[in-house]
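Read top to bottom, the protein sequences are chains G and Z.
Residues in the first sequence are numbered consecutively from -7, following our numbering.
Residues in the second sequence are numbered consecutively from 15, following our numbering.
Keep in mind that a hint or two might mislead.
[Said to hold, decoys possible] Coverage of chain G stretches by chain Z, computed from C-beta distances (three or more under 8 Å per stretch; other residues unrestricted):
| id | region |
| --- | --- |
| 1 | 0 to 10 |
| 2 | 69 to 75 |
| 3 | 140 to 154 |
| 4 | 182 to 196 |
| 5 | 200 to 209 |
[Said to hold, decoys possible] To give an idea of the chain Z side of the interface with chain G (calculated C-beta under 10 Å), a few residues:
| id | residue |
| --- | --- |
| 6 | Asp131 |
| 7 | Gly168 |
| 8 | Gln405 |
Rather than coming from a laboratory, the hints here were simulated on the basis of the structure.
The beta carbon of each residue, even a glycine, is placed where N, CA and C say it ideally should be.
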Amino acid sequence: MAPATRPRLAVWKFASCDGCQLTLLDCEDELLALADAVHIAYFPEASSAMEEGPYDLSLVEGSITTPADAERIREVRRQSRRLVTIGACATAGGIQALRNFADVNEFTAAVYASPQYIETLATSTAISAHVPVDFELRGCPINKMQLLEVITAFLVGRKPSITAHSVCIECKRRGTVCVMVQGLPCLGPVTHAGCGAICPAYRRGCYGCYGPMETPNMRALTQEWRSLGASPREIRLALRTFNAAAEAFSKESELHGD
Amino acid sequence: MATKTIRVDSLARVEGEGALSLRISGGRVESAELRIVEPPRFFEAFLRGRDYRETPDIVARICGICPAAYQMSAVHAIENAFGARVEGPLRALRRLLYCGEWIESHALHVVMLHAPDYLGFPDAVSLAHKYPDRVRDGLALKKAGNAIMRLLGGREVHPVNVCPGGFYRVPDRAELVPLARELEEACELAAGLVRWVAAFPFPEFERDYEFVALRHPGEYPFNEGRLVSNRGLDIDISDYESEFEERQVPHSTALHSMLKRRGSYLTGPLARYALNFDRLPPAVQALAEEAGLGPVCRNPFKSIVVRALEIAFACEEALRIVSEYAPPNASTVPVAPRAATGFGCTEAPRGICWHRYDFEADGAIEAARIVPPTAQNQPSIEADLAEVASQLLNEPDETIRDRCEQMIRNYDPCISCATHFLKLSIER
């Protein structure tokens, strides 16, 4: 298709590790076909041809952690017909949202010799806390097949087919024996599917990098963890990682102390 | 005489957010600054109080391009603190994982991000219109690297299988068989890649760098070795802080990593290659010779050839590990926490990635310090920029800007990694 008629795609970065936008480049078998189907108009990590908006679809990676970025995301929204967040940072604030539970000045002083020069907000927040978002794709990192599904769905104007059930269903489909019944604490029962239940297949408990599933029973899960011998500190740490600021995880983490 | 400032507000084809500012006055380059606009994420702060077992998963999130490097430096530091040693097949599997990361990260940079500079394209997609086979081969190489990451780590980005003492689960021999086939092809593709990039037009440019890399008694370095340089540095990784420091310099917007006695230095492919050429297998040395590269290369624009050679090395090394692999009896060696300090330093695709952790008796982290490769290379990048721009003073701004951007990409700078970069505002 000619550039003029193809939908225009933009990829934006806020506070993040770049892993989710890398997932787009990790589509080794699909990338060139994708570049035929859409016009990649703005993707600075991959191209120095940075075209002006408006864009038909914007993929947004990263969380909002600076006053400048809080402004920039509004401009991105204005330029974008559809805006999809990709990954735990953009969708829940990411690991850098651990500052939300602490004193950010103390954090700054711990890392930087001259903290007065650091321009940062006290919190790391999801994109949806700042602008309306059309779809949130979960994961730290996102799954590339899900990313292709989301792009495809928005291009043809339908809802992405992404299920919101727990990782447990994916373990069953993969044929993995439940690790929890073997005594390993696992966040799978409360965690959003999408990764393909990798961790239990590697003989460890899920660590929740896709964030809460649609209806997580947090209390039942943490009781089970206690009966498996996990300490309150271990439970709190487990809930405070890459989706620490997601409501279900953050609320439950408050109930388990040191 | 007029003063002019050339700015590039958003650097393309680098991982993370950076900007470039060049000040030319009185017919000379007054300053060259690589500004880092990446917001700080405070890893070293929130690591305090975390359990040692969580460390590999957390530090992976510093960088989505080279997560295994952070995991490797972290587990080595943990094992160093707790007196554990990983040997035999477990050690080989860690090298294999690192091969996967080098292949995917280097192939991404060489083909997708860097090659377009030499051939006059804005990106790999437009490059693919003219050189479809080259781009497809590059993607196939990248895929081979990612196949290793996926098999050993569970996924390409933020692999889940690395833990202190080894792995959560180790593969059996049969699982590695398909990798061997893919790697045999990858070895061929890598040799082709070396030949292709070696024929690119390279600007005449050399600087007399102090190269810093790991050096191991018998191997091209991944996980272990002493820290050495071509100017006599030869230290244990635990002595890093007595030889290196991070300085705040007035003209800069970032903390600069320096050798205390001598200033800026270079880490990454050019340094590893210059200090460890004799550790490369004969076939890779022969490939280097065919590419017209001596045992030392001081032209940063030729770093693309060295990266391609390192892909060839990593493919061959991965194939060797896969063919010699016999599964270990256990997936981990015992690791018992104690109050101690541990050091880890491994060769990330972009250079040495140094970690120090102080642990409490129960294995909780008391303090963490992480020095990523791009933070270390920044003074060197700026010195290169000043030098390259001073050779082009009579050229139009456009030419200077393009060449400077290309110079920055010579380093494959991974700005997201750079936990130590800081934004500094200066009043004049």
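Hints versus structure:
With 6 residues bearing a CB less than 8 Å from a CB of chain Z, the region 0 to 10 of chain G meets the requirement of three and the coverage assertion stands. Only residues whose beta carbon comes within less than 8 Å of a beta carbon in chain Z count, and the region 69 to 75 of chain G has 0; fewer than three means the coverage is violated. For the region 140 to 154 of chain G, the stated coverage by chain Z is violated: 0 residues have a C-beta nearer than 8 Å to a C-beta of that chain, whereas at least 3 were required. Counting residues of the region 182 to 196 of chain G whose C-beta lies closer than 8 Å to any C-beta of chain Z gives 7; at least three are required, and the coverage claim holds.
A stretch counts as covered by a chain when three or more of its residues have a beta carbon under 8 Å from one of that chain; for the region 200 to 209 of chain G and chain Z the count is 1, and the coverage is violated. For Asp131 of chain Z, the suggested interface contact is upheld, since its CB lies about 9 Å from the closest CB of chain G, less than 10 Å. Interface restraint check for Gly168 of chain Z: the shortest CB-CB distance to chain G comes to about 4 Å, inside 10 Å, so the restraint holds. About 22 Å separates the beta-carbon of Gln405 of chain Z from the nearest beta-carbon of chain G, more than 10 Å, and the hint is not met.
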